[in-house]
Amino acid sequence: MPFACIFVPNFPVAAWVRSDPELRARPLAIFEGKPPLEKVFAVSESAKRLGIAPGMTKAQAELCSELTLRPRSLSQESVAQAALLDCAQSFSPRVEDAAADTAILDLEGTESLFGSLPQIAENLWHRGANLGLDVHVAVASTPDTAVLAARGFSGVTVIPLGKEAECLGSLPLKVLFAEGSEKQNAEDDQKKSAGFLEIAWPETALLETLDRWGVHDLRALAALPEIALSERLGQEGLRLQQLARGKAARTLVPLETPAIFEEVVELEYPIILLEPLAFLLNRLLEQICARLASRALHTQELRLTLQLQNLTGGDCRLDASEIFGASDSYRSSQSRSPAEDFVSQRQNKFCRTLTLPLPMLDAKLFLKLLQLDLNANPSGAPIVKIHLSAKPARPRSAQGGLFLPPSPEPEKLELTLARIASVVGESSVGSLELLDTYRAEGFRMHRFVSTRMQKKTVPTKRKKSESSEPAQEETAIAALRHFRPPLRVTVIFESREPARIVCPKKKEMQGSVLWKAGPWRSSGDWWDKEAWARDEWDIALQGSEGGIALYRLVHDLLGGGWFVEGRYD
Amino acid sequence: MSSAVFSTSAAQGRPFVFDSEPVAEVCPQPTTAELFGDARPPQRAVSGISSGAFKDARLANIIPASRLAIRPAPEMVSSGIAEMDALTGGLPRGCLTELCGTASSGRSTIMLSAIAAATRRGEFCALVDASDALDPQSAAAAGIELDRMLWVRCGQNSQRAERHDEKRLEQLMRVADLLLESGGFGMIVLDLGDIPPQNARRIPLATWFRFRRAVEHTPTVLLAIERQSIAGSCSSLLIKVGSLTLGAVEMSSSDPQFARPSHAQLLTKLSITAELARSRMERKPVCSAEIIFASKTAWTG
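Line order of the protein sequences matches chains B and G. With the working numbering applied, the first sequence corresponds to residues 1 to 569, in that order. With the working numbering applied, the second sequence corresponds to residues 1001 to 1301, in that order.
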């Protein structure tokens, strides 16, 4: 059974470089700790060449002018680890999360899907590069051998069956131990496989002992007599020897991770303008879309959380309705992810949720929609951290047809609707839905969806009583054109019936009533605060351009005013 | 104006010149003999013009308009009213249609019928409402599948309390551009029914031309509702709807007794007069065709 291992060397540095690719070309050092006792935790290869080493103080490192310093970011490492697992799970459903920087895949049965083992290894390497990670990939017959080869050899390595000891022989002893294992936090330690953590001897003591014996590589360790080794180093020594010979066998512990797709960026300087924010959002969206694509998933909801700079130091928290916007698509924290828990402060957060009508996967479209949304709803304060998450969904399936009537493309339509909303307002564009009431203006707007798989709305009682689909040969229905708001008029009565109308706002709508019908009384919601009662008249006035014009005149029985509600046309 | 040319200078063999100067090349095409054959000898075509002009080979390459490729007629779709379809042949796809009329002339009735017919065909429609005047009850009663209609309400969220017509028109034009660019709609209706003509004419003709070009070669019906025609020659179909007369308003009784008390009266029907003023779909009729049809109110059984 073949196994593959994906290893990310110098993981803290790699996590930062993934979030900011410009750091790849610069000497980089990661520091951690509380000031003023901050110490260098990890360094890049170019920084090593400048003489920077882990353990140096931050002050010492700052003496190097070419060096770029960044604080250690657990959130970014978490996101990078999630990306690593996505890369692995795109090739095999059985993946073990051996460490934050290591993922082991079971390749049994995947050769018929993805090709030969060298091809799979090559594709793994390319997929990791696409996700922004500089990975080492190794394929071997046992998981531990694959891990050792990935740690020891850069690039892509394939170890043939039976040649494990021969291939691993040249590797140094330090590959037997996880990189920085003694410094891993408790959460990472729980995820590691048992074989690498249960070290009876401290790592440094073992290495010193073997070094004194003149054992510097795995070949020498494999050649040691077993009994003598067990007498001096115990079971741990035997275990390490088995690893060096490539004979350690164990079962994989598959990972069951929830599908969480999110990206985090912590900014060095606060961002005020939308343009640089859009640049960062584009990068985050591309990463998220790549990860979703690796699992053959789309997304139907994007959630953007911006951590704002606390300018006043006091309670500058925006009102909840301002923060969460007027969007009716906001979801209250029903799916908080672990990364959001890193944001311990609940203040100074600006959240926007983008809900799509259909599962989609288009980074450019998402960026445009977010830009339009942020244009209409600015954050109001400088931004210091960006957190973007996507809710995964299965890709939509649609059956096209040659003879179907035309319909708008969902992606294009979504962008068009967002642009229209920026022109006329979000509440002024959409589809109509009649409410089950006889109240005037008894309707509401909701999102317009063009898909042919849209749910059929349950017809209300009112709709059922009306003929919703008149046959072609039936006569047309006279339409009413509303005045919004209704026009207040003065009515002059004769014999308790309207005889003359005076409307200050519309000169064309005044004069003698030529014909009238009514009144027709209606009322409702009398049990509620919003009770209504009105008398309706249909009246005819002389039109301004000859002919007559028909209006609906309304008397508000509760408020006492007279209004012209609309015109028949 | 008709799209077919029946009698032009080119068809008769006369050049497009008013003096002796040589004309510019129209297009490189066959010789005069191939074009005109034996029936029209070249000498007769140059009466009053020096023969030197015809020595220019480019003149002989002019193709008469009668030989030009004829644009295929657009597909016509039902407007939902049989009488209207008999008058106009339906509404053309890929063209701009104007529906003009005064207040209470029946424009909105025809508009809602057309949208209802489109949604019944399974198409998606968009209504850009410049005055935010759509009555949802009327739309439902007309048979519109409300889930298939996108309603854009202009001028609703003005910063100031008053809603200027200029702002509405600006929003209407921008939204229309976006919808035409997006595509996929079976019908797009621009409702300027309540905009005064003097304001509506502020929409430049270039804008209408752009709309026409955008909808050309697409299956979208572009319908504009106005008080007066403002798109000029950009529209392929112009329908004028007449204003009501009091006799056209039918009450519950066939005997129009206006002296009856108002509570005994009921508005039951409106008679709508429609006239085909211009059509590019066929030759212009010698006299405008007019029809009268009735529309009933929603509460009439």
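For the record, the hints were derived by calculation from the structure and aren't laboratory data. On a predicted model such as this, the values are computed, not experimentally measured, just so you know. Hints may be right or wrong, so weigh each one.
For lysine-lysine, the following DSS-like pairs were computed, each having C-alpha atoms within a straight-line distance of at most 25 Å [stated by the list, open to error]:
id, chain 1, residue 1, chain 2, residue 2
1, B, K507, G, K1167
2, B, K505, G, K1296
3, B, K506, G, K1167
4, B, K385, B, K349
Each hint, compared with the structure:
| no. | hint | result |
| --- | --- | --- |
| 1 | K507/B - K1167/G | holds, 22 Å |
| 2 | K505/B - K1296/G | violated, 30 Å |
| 3 | K506/B - K1167/G | holds, 19 Å |
| 4 | K385/B - K349/B | holds, 9 Å |
In summary, the structure is inconsistent with hint 2 from the numbered list given earlier, while agreeing with all the others.
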